[in-house]
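These are the residues of each chain, in order.
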Amino acid sequence: MSHEAVRVDPDMEYLTPGVVDLEQMFWTGLGATYTHCNQVWPNLYIGDKKTALEKPGLVEMGVTHIINAAEGTWNNVSTEMIHSLFLVNPSGDIFLEKHWKSVVSRSVCDYFLEAREKALDPEDVPPVISTPHHYLISIYRDKLFFLSVIQTEVPPLFVIEFLHRVAEMIQDYFGECSETVIKDNVVMVYELLEEMLDNGFPLATESNVLKEMIRPPTILRSVVNTLTGSSNVGDKLPTGQLSTIPWRRAGVKYTNNEAYFDVVEEIDAILDRTGTTVFAEIQGVVEACVKLSGMPDLTLSFMNPRLLDDVSFHPCVRYKRWESERVLSFIPPDGNFTLMTYHVNAQNLVAIPVYVKHSINFFESGSGGRLDLTVGPKQTMGKTVEGVLVTVHMPKTVLSVSLNATQGSYTYDNATKVLVWDIGKLNPQKLPNLRGSLSLQTGAPKPEENPSLNIDLKIQQLAISGLKVNRLDMFGEKYKPFKGVKYITKAGKFQVRM
Amino acid sequence: MEWANQLCENRQFGSKMTDSKYFTTTKKGEIFELKAELNSDKKEKKKEAVKKVIASMTVGKDVSALFPDVVNCMQTDNLELKKLVYLYLMNYAKSQPDMAIMAVNTFVKDCEDPNPLIRALAVRTMGCIRVDKITEYLCEPLRKCLKDEDPYVRKTAAVCVAKLHDINAQLVEDQGFLDTLKDLISDSNPMVVANAVAALSEIAESHPNSNLLDLNPQSINKLLTALNECTEWGQIFILDCLANYAPRDDRESQSICERVTPRLSHANSAVVLSAVKVLMKFMEMLPKDLDYYGTLLKKLAPPLVTLLSAEPELQYVALRNINLIVQKRPEILKHEMKVFFVKYNDPIYVKLEKLDIMIRLASQANIAQVLAELKEYATEVDVDFVRKAVRAIGRCAIKVEQSAERCVSTLLDLIQTKVNYVVQEAIVVIKDIFRKYPNKYESVIATLCENLDSLDEPEARAAMIWIVGEYAERIDNADELLESFLEGFHDESTQVQLQLLTAIVKLFLKKPTETQELVQQVLSLATQDSDNPDLRDRGYIYWRLLSTDPVAAKEVVLAEKPLISEETDLIEPTLLEELICHIGTLASVYHKPPSAFVEGSRGVMHKRLPARTGSGESTESPDVGTIAGGSGTETAPSIIPSQGDLLGDLLNLDLAPPTTTGPPPPTSGMQMGGMDLLGGGLDSLLGGDIGGSAAMGAGFGAVPAVMPASLNAPMGGGLGDLFDLGGGVGMPLGAYIPPKTVWLPAMKAKGLEISGTFARRAGVIQMELTLTNKAMSVMTDFAIQFNRNSFGLAPAGPLQVLSPLSPNQTIEVSLPLSTVGPVMKMEPLNNLQVAVKNNIDVFYFSCQYPISMLFVEDGKMERQVFLATWKDIPNENESQFQIKDCHLNSDAASNKLQASNIFTIAKRTVEGQDMLYMSIKLSNGIWVLAELRVQTGNPNYTDLEISVKCRAPEVSQCVFQCCEAVLKN
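First to last, the sequence lines map onto chains A and B.
For the working numbering, add 727 to where a residue sits in the first sequence, where the first one is 1.
For the working numbering, add 903 to where a residue sits in the second sequence, where the first one is 1.
Nothing false has been slipped in among the hints.
Simulated pairs of lysine-lysine, DSS-like, Cα-Cα distance not exceeding 27 Å:
1) A/K1217 <-> B/K1241
2) A/K1047 <-> B/K1125
3) B/K997 <-> A/K777
4) A/K1220 <-> B/K1278
5) A/K776 <-> B/K1036
6) B/K1278 <-> A/K1173
7) B/K1202 <-> A/K1047
8) B/K1241 <-> A/K1105
9) A/K777 <-> B/K1085
10) A/K1144 <-> B/K1321
11) A/K1185 <-> A/K1195
12) B/K1871 <-> B/K1643
13) B/K946 <-> A/K938
14) B/K1237 <-> B/K1339
15) B/K1241 <-> A/K1185
16) B/K1339 <-> B/K1321
Pairwise CB distance ranges (calculated):
17) A/R1048 <-> B/N1711: 45 to 55 Å
18) A/P849 <-> B/N942: 37 to 47 Å
19) A/P1172 <-> B/E1345: 23 to 33 Å
20) B/N1380 <-> A/Q1106: 56 to 66 Å
21) A/N1141 <-> B/D1287: 19 to 29 Å
22) A/Q1106 <-> B/Q1272: 14 to 24 Å
23) B/P971 <-> A/F1202: 50 to 60 Å
24) B/A1149 <-> A/I794: 35 to 45 Å
25) A/D1149 <-> B/E1383: 53 to 63 Å
26) A/D1149 <-> B/S998: 48 to 58 Å
These are calculated hints, taken from the structure and not from any lab test.
Backbone N, C-alpha and C fix where the C-beta goes; we use that ideal spot for every residue, glycine too.
Can you build the whole structure from these sequences, using the hints too?
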C-alpha cells in the first residue's frame, strides 16, 4: 500500500467541526493535509479514486466493500468509448440494449426520453445530450432511435458514424431496419453488435467481413441449418479482415460477371417567391453493384471530372491516382457499395428542372383563403420529369382544404397540417394545377407565417450536373465483364418559398 | 396473480413481445425450463436455450441465475454456441466472480487453439470480464497472443492490453505489456498498428505524464504509413494521435499536412474531421507567404461543405466545429455563405447552428443576401427559430456597419407585422443597435413607442424602458409612458423594475421640473415597498446621489456609455485555441474547455497550437499574434461579453465605465455596475459628510434613516480582521512584511481565493497577491480597483495576470501602489476596500495594511526639529502603549525599527531604562514622533513602553500596532 491510511484513535476526544468550519477548511486548505485515504471510524475509510483502484492495498486494509460517493460527470472508473447501445422506438420503448462493458441502467435513457418529449418532431431531438454521468449520442433513422451511452471524451462523429453503420448493417442483413425485424433476429443482431465493436473500438464494420463471420439469414440456409445442425456463424477467419484490401473477400466466383454503376444526383435547392434560385447544389453519388470473379482492378473515368467540387471515396479508391489523373482506380468490394459521393455547388451549373407558380391568400376577415398551384417543366434537358410530388406545410390554423387537382390526387393531414399533392409524370402540354379554398379555424387570425413547399421528382437517364462516365476498364482478370451505367436525377431538399 | 405477472412482463418488453419466439421465455417458471434445456444433451437444444437466454438479456432481463448452466455449455466445438456463451459471460461475470473462475480453464485452452479466430475470441472475451481473479490468469495467454503469428490475434490482443490496464494498471506495467504494445507500433500490419495506437492513446489518457506515445519523426513516419492502409476507424485513432505531435519545424509540419490531406476525401466524416483537426493545428506553423499555405486553405473548404450534406446528426457536430473554425480562420469559408442557408426541413438544432455561422460569416460583401434570408426566416413557423433570426438581424447590424441602416429598416418591417414575439425580439435588438450607433437611428423611436402596450416579455419591456429613459429628452410624453409602467411596478420582473428605476432617474435628471413627483414615487417604491435587495440598494444609491450631489448624479447616471462590442459571443482566444486542438471531440461540440469533460489528471494537459517557426516569421499576421507556443506568454485576451451578458450590460449602463487601468472594454453589466458604485458614487455615501450640498434636493428631505446594511456587505466589512496580522513568519532582514493572509476566501468569490500582504521595497509600496483558482473553470481578465482610502493608496498599474488562471493554479502577483489616489478617511484607518474582477464576477473584500508601508525613507528628523515638534504637539495627542514580552535590547529594537523606516534620532539611558527617540514620516507628510523605553537592568521585565505623539492622533494606534508587529517579528 503506497498510501498509509491515517488511523484514528477511537478513545480520543474529538469535536466534529461545524459546517462553517468545514467549508472554511475546504476552501482555505488550512488545517488538513491531503491524504489519499483516512480511517474515519474503526474499519471505515474515506478514500479517493486512487485508493479505490489499488486492490491489493484494499485487501491489505481489509476492505470488503466500497461505496462510490464521487460526484460529477467523469468520476467513474471507465474508459470505454461506446459503453452501451439502446434501441428505442418512436413511442419511447427500449426494445434492445447492448452493453460492451458493465451494464448501465436503462434509466439513463430517461434524459433522452425527456428531450424526445420536448422536441416537436423526432427529428428535432438533439443528437448529443449530456446527463450528470454520461453523454448520450443518438441518431434517428428508419423511425428508430439508436442511442449510445458514452462516458469518456469520444469524438461524437465517430459514434454517430458508427451508429449509422449499425443501422446500415441491420438493413443489409435483414432487408429492412425496423423494430419487428430486429426483434425477430435479436440474437443475430446481438452477435453482430459484438463483432462490430470491442472495448469501444470498432472491429469489423465492413459488410463483407461481417458476412463471413456471421452469415446473413436466408430461408434456404435456415432450413439447411435446422436439418444439419450447422450454424450460421463462420468458423474461419475472414480473409479480407487483415489484408490491405479488407473490403474484398478472396475467391469470389460468378458465372455472369457484371459491373453496374448508378450515378444518382440529388438537387438541393431553395427558390424564393419569384422563382429565383437562392441556393442550389447537387449531391451526387456513384452506387456500384459489382459481381466480378477474382481480384479485378477497375478504372472508371469521367468525361468532365472538373465539374466536381468535392469528392469522398470508398476506401478502395486510390486517392493518388485521382489527384494526378482524375481517374477512379480501385479493386472493388464484392456486391453493392458506394463508390464515391460528390458535390457540385457552382450554382450556374445547377439546372432547376421544374418551376412552380403559386399563390396563397388569406382573407382579411380571417375565415379562409385560396390556394392555386401550377407545376411546369423548366430545364429538363429534354427528359421527362416523373414522380412529381408537392408537399405544402400549411399554417397551423388551416383546418381543411377543398381543392381541385387537374392531375393526380391530393391529401391533407389535419394533424400535421401537411398537404401532399401526388402529380406523377409531368406533361408539358397540359400543366397540372391544384386550386381551391382553404378554411381556417373560426376566429383564428390571418396566418402570419408563410407556408413552404417541397418538391419531389425524378428524371431518368439524366445526371443534371452533366457528369458523364467516359469508360470503365478492367485489369487483372481475363474474362470480359458486362458493364452498365445508369443515370438518375432526384430532388433532394428542394424547397420553394411561398 | 398470473394475469398480474403477465401484465408486468408485458410492460417490460414493450408492446410487441410476440414477434420473436425467444421472448416467450419470460415467465418465472420458465427459468427452470431454460435450466433444463441448457443441461440437455442435444446440442441444438442447448444452443436454442442459450439463444433464449441472450434474448432475455438484450431486453434488460436479469438471467444471471442461469450462470452455472450457461458456463457449462462453454466447452464446445460449435463456434456459434461458444460465442453466445461468451456474450453471456461478459454481461454477468462481474456479478458472479466466483463462478466466472470456472470459465478460466476454457479461456486458457482456447488461447492455444489452432484456429486464430478462436484464439482472438478468447483473448478478447477474457479482457471484457472485469474480475480480478481472472486477470491474473490472463497475463500468460495475453503475452503469447501479443506475439501471435496471426495479425488478427495480435490486433485483438493490443486492445486487450487497454482493457486490462483499465482493470489493473499496475499489473499491466509490471508485466511489461506497455513495452510490447509500443513495439506493435512498428508492426508490419497496419491494422495492428492502428489498434496499438488506439490502445496506447487510451492508456496514455489516464497517465498524462507517462511517455507512452513517444512521438518522434520515426514513429510519426510509421503512423503516416499505417494511416494509408488501415481501416477508417484506425485512421481516426492515428489522426487523433498525430494531432498531439509537435513538429520540429515548418518543413516537417508541411510534410505531415501533405500526407494527411488525402484523408479529407474519406467517406467517413469522423476521419475527415480528425484530418481537419491535424491540418488546422499544423497549419499554425506554416509561414503565411508559403504557397502551400494557400493551397491548404483552399483544400479545407470543400470537405467541410460536404459534411453539411450528411445526415443531420453529423451535420450538427460538423456545424459546431465549423463554428470554431470560422472564428479561427474565417478565410476558409468566407465564400461559402450559401451552404449555411437554412432549409425548411432541417431539424431545429441544425437550423440554429447554421444561423449562428451565417452571422459569423456576414460581411459587407454578402450582407444583402444574408439579410434577405434572415427576413425570410423571421416568417417561419418555429417560434424559437424566428426569434433567433430576428436577433441575428440585430447582430448583423452591429457587426457590419454599412448594413446597419438596412437592418434597422428590416426590423421596422418586421415590427409592422405586429406578430407579438417578432415585435418584442425586434425591440430588444434595436436597443443594441442604439448602443452601437448612438444618435443615428433615433427617428424610429416613435414607431417603437406605438408598440409599447403589446410588450409582455420582461426583456422586451426592459429594452423599451431603457430606450424611453435614454432618449427621454426626445420623447415628449416620456413621463407618461414611464408612469404607465409604474402602476404595476410590483408585478414586474426584477429586470424591468431595475430598468424602470434607472429610466425614471434619467428622465428626472433630464427634465427635473416636471418629473419630481414621479422620481420620488419610484424611489419610494423601490426602497420602501420592495423586498428585493438589488432594487432597494439601487434605489438608495440614486436617492443619496440625487440628494447629495445632483451634479455628480448627472455625471454618473448620464455618463457616456461605452460602445458595445461588435462580436458579442466570440469564444475567448485561448479557449478557442484549445478547442481547435480538440476539433471533433465533445469539447468542441459544447465549446467548453476539455477539462470540463474529464476528471483530474487528464484535464491538466492543455493543448496549445504550435508556434510558427522557420523563415516566414516576417509576415506578421494579426491572428497569430496571440499564439505563443507552449511558453504561456499569451497576451491578455480582451473581454468579450457573451450574448447573455450583453443585456445585463445594457441594463446597468447608466453608470460610468470603470476607470481601471486594466483592459478597458465593456464588461458584463452587473460587474460594471458594481465597480462603479465603488469607484464613483458610493464613496460619498460612505464618507460621512452627507447633507452638505442639496442644491436640487428640495424634494429629498429626509433620506430614510435606515442605512441599508447591504450597502456595506459587498465591501466585505471586516473580513480582513478575521485573518488578522498574526502569524509568525520571520523576516530576518529588511522591512517587516506581514505574512500573507487570506483576504478573500474562495467560497465567497466563486472559487477565486486571494491572499496577500503588503511590502515596501526600495521605496515602492507593493501589494503582493496570491491568486488561486479553486473553481472548475478557467479564470481570465483580472482587474483590480481600490475604494478611496485614508492614505490615497491606488494601484500604480494594472493587475498583471497575463495568462488565464486554470483550475487549481496559483499565481503570485505583485501590484505596485501609489499614494496619490483619492483620499477618504476609513475606519479603521488602515482599512482598504478592494474590488477584484475576473471573467466570472466582481468580488469585494477589505484588508488592512500595516501602516509601516507608508513610512517613507526620508523620515529621519533633525534633533532640534524633533525637540521643537515634540513640545509643539499638545500633550492630549500623546498616547501610551505597552508591548509585552519583547526580549530585545535597545540596539536590536532600533535596528529592527530602522529597517521599517522608523528612525532613531537619539538615545539616552536613565535609571536602567534605555529611552529611544524616534521619528516617522508618512507618505502624506504627517510626522509621527515616538519615545520607546526599554528596561535594560531587569531581565525579568520584558515589556516595552512606547509613547506616540502626532498632530493627527488617529494614526497613533496604527503606528503602535505596527511597531509591535515589527518588534515581535
